[in-house]
Amino acid sequence: MAEPGSFLRHLGAVVRRILVDFARTKRFAKRGGAAVQVSLAEAVVIPQERDADLVALDEALAALSEIDERKSRVVELRFFGGLSVEETAEVLKISPETVMRDWKVAKVWLLHELSSRAATSGSGKEKRDEA
Amino acid sequence: MKPERWQQVEQLYLAALERDPAQRTAFLDQACAGDLALRRQVETLLQYETRAEDFIEAPALEVAAALLTDEPHASLLGRELGHYRIQSRLGAGGMGEVYLAEDRRLGRKVALKLLLKEFTQDPERVRRFEQEARAASALNHPNIITVYEIGQADGVHFIATEYVAGQTLRQRMRATRLELIEVLEVATQVATALAAAHEARIVHRDIKPENLMLRPDGYVKVGTTGMSMGKEDLSQHKGTKDQRRPLKKSGDSPICSGGRVA
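Residue numbers (numbering that gives the first Met the number 0), protein chains in the order written: chain R, 0 to 130; chain G, 0 to 261.
Don't read these hints as lab results, they were simulated from the structure. Bear in mind the structure is a predicted one, so any value in this text is a computation, not a measurement. Careful: at least some of the hints might be erroneous.
[Stated by the list, open to error] Chain R side only, calculated, beta carbon under 10 Å to chain G, not exhaustive:
id: 1; residue: G11
id: 2; residue: V14
id: 3; residue: L18
id: 4; residue: E65
id: 5; residue: D67
id: 6; residue: G81
id: 7; residue: L82
id: 8; residue: I93
id: 9; residue: R100
id: 10; residue: K103
id: 11; residue: K106
id: 12; residue: S114
id: 13; residue: S115
id: 14; residue: R116
[As the list claims (entries may be wrong)] Cβ-to-Cβ under 10 Å is the rule here; a few derived chain G residues that face chain R:
id: 15; residue: K1
id: 16; residue: R4
id: 17; residue: W5
id: 18; residue: Q46
Where a beta carbon is used, it is the ideal one built from N, C-alpha and C, also for glycine.
Please build the complete structure, drawing on both the sequences and the hints.
See the structure below:
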């Protein structure tokens with residue numbers, strides 16, 4: 000570990016990869032294993048799937064990085080990496096105020112993106128295959 | 000959207016945020032100068048402002064623990080929790096897992112909802128978990144899932160409710176087209192349930208096809224997830240005014256969803 004900040008710098012991306020891959024595999028298994036799950040899966044009515052949410056978020060984040068790379072990094076570092084505003088500012092070499100502003104705007108953008116993806120239901124994947 | 004365009008949208012969005020909501024329209028009229036698409040984009044973002052406050056505020060790793068434990072809890076199967084014997088896993092949700100269990104005292108099947116282990120240390124989660132049960136148990140209605148008991152055993156918080164063997168409205172909708180008469184039937188029953196809840200000052204903030212169980216005999220059962228006591232809860236939630244109207248989210252309302260299918 001050469002630079003002190005280098006671990007934090009990559010933490011977000013690594014955690015993101017692991018969690019999203021895991022969520023994706025699980026969602027896949029769920030679909031494939033539908034016959035085993037039977038129709039009772041929702042018998043008592045449960046709020047919707049977190050794992051699917053992570054996959055969708057990952058996709059929305061990739062879309063964000065295409066129009067605003069820095070904001071997607073802020074989200075990656077803060078949400079996936081768990082970094083504080085100050086740590087994020089240090090890693091990206093921007094001011095904490097900018098981190099806060101980016102964070103705020105990025106969240107609104109992502110939420111809107113997720114809602115519109117949900118509205119066109121399930122087609123989120125086809126939109127982008129890279130990354 | 001092009002990055003340059005996005006920068007423009009973002010700047011206007013931030014500028015609009017700084018203004019009093021009442022003045023935003025006039026501001027955007029001027030700033031967008033007839034660029035309707037731009038204006039729409041800024042306004043769309045503004046609409047999400049309040050909702051985005053809590054969004055992804057909890058770091059992913061906190062969610063991760065829950066995600067990992069989402070795997071079938073083989074260890075729980077066949078085990079006993081209080082006077083319940085856990086038989087199979089029915090599903091998992093935001094706060095917990097749901098198992099089919101047998102109440103050994105009464106010899107009947109129940110659905111046992113367990114609060115995820117990592118949430119048991121969080122008083123707020125425990126409170127919400129219990130409050131949902133309390134709200135639902137205040138209701139006695141044929142179209143609302145009955146809460147039998149709320150408790151704690153071996154450090155696990157649980158809610159025991161009526162077990163409904165059947166399918167959710169979502170599953171039903173996926174299977175085949177719903178006939179108009181079925182849609183009306185479901186809508187009427189849900190409306191009756193919500194009316195009763197409203198009467199008891201209980202709001203159901205999560206009415207959607209996934210939350211409605213259809214019993215083979217035609218009864219519709221509204222699930223307890225998302226139920227809360229009117230006043231107490233409202234003070235602690237944002238955007239509360241809208242939430243008091245149980246069927247507010249048109250996309251999620253069973254009637255609309257049913258309607259869409261029909």
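(message) Checking hints one by one. Is K1/G an interface residue toward chain R, by the C-beta closer than 10 Å rule?
(response) holds (7 Å)
(request) Have a go at the S115/R hint: is there a Cβ in chain G nearer than 10 Å to its own Cβ? (result) holds (9 Å)
(request) With a cut-off of 10 Å on the beta carbons, see whether R116/R makes it to chain G. (result) violated (13 Å)
(message) A closest beta-carbon separation below 10 Å is what the hint needs, so does K103/R meet it against chain G?
(response) holds (8 Å)
(message) For the restraint on L82/R, tell me whether the closest CB of chain G is nearer than 10 Å.
(response) Holds: closest Cβ of chain G sits about 9 Å from L82/R, inside 10 Å.
(request) Using Cβ atoms only, decide whether W5/G comes closer than 10 Å to chain R, and label the hint accordingly. (result) Holds, about 4 Å.
(message) Does the closest beta carbon of chain G sit nearer than 10 Å to the beta carbon of E65/R?
(response) holds (8 Å)
(message) Using the nearest Cβ pair, does L18/R come within less than 10 Å of chain G?
(response) holds (6 Å)
(message) Min Cβ distance, I93/R to chain G: is it shorter than 10 Å?
(response) violated (15 Å)
(request) Return the status of the interface hint for R100/R: holds when the least beta-carbon distance to chain G is below 10 Å, violated otherwise. (result) holds (7 Å)
(message) Less than 10 Å between beta-carbons is the criterion; does Q46/G satisfy it with respect to chain R?
(response) Constraint on Q46/G satisfied, holds at 8 Å.
(request) With a cut-off of 10 Å on the beta carbons, see whether G11/R makes it to chain G. (result) With Cβ-Cβ at 9 Å, under 10 Å, it holds.
The structure shown violates the earlier hints numbered 8, 14.
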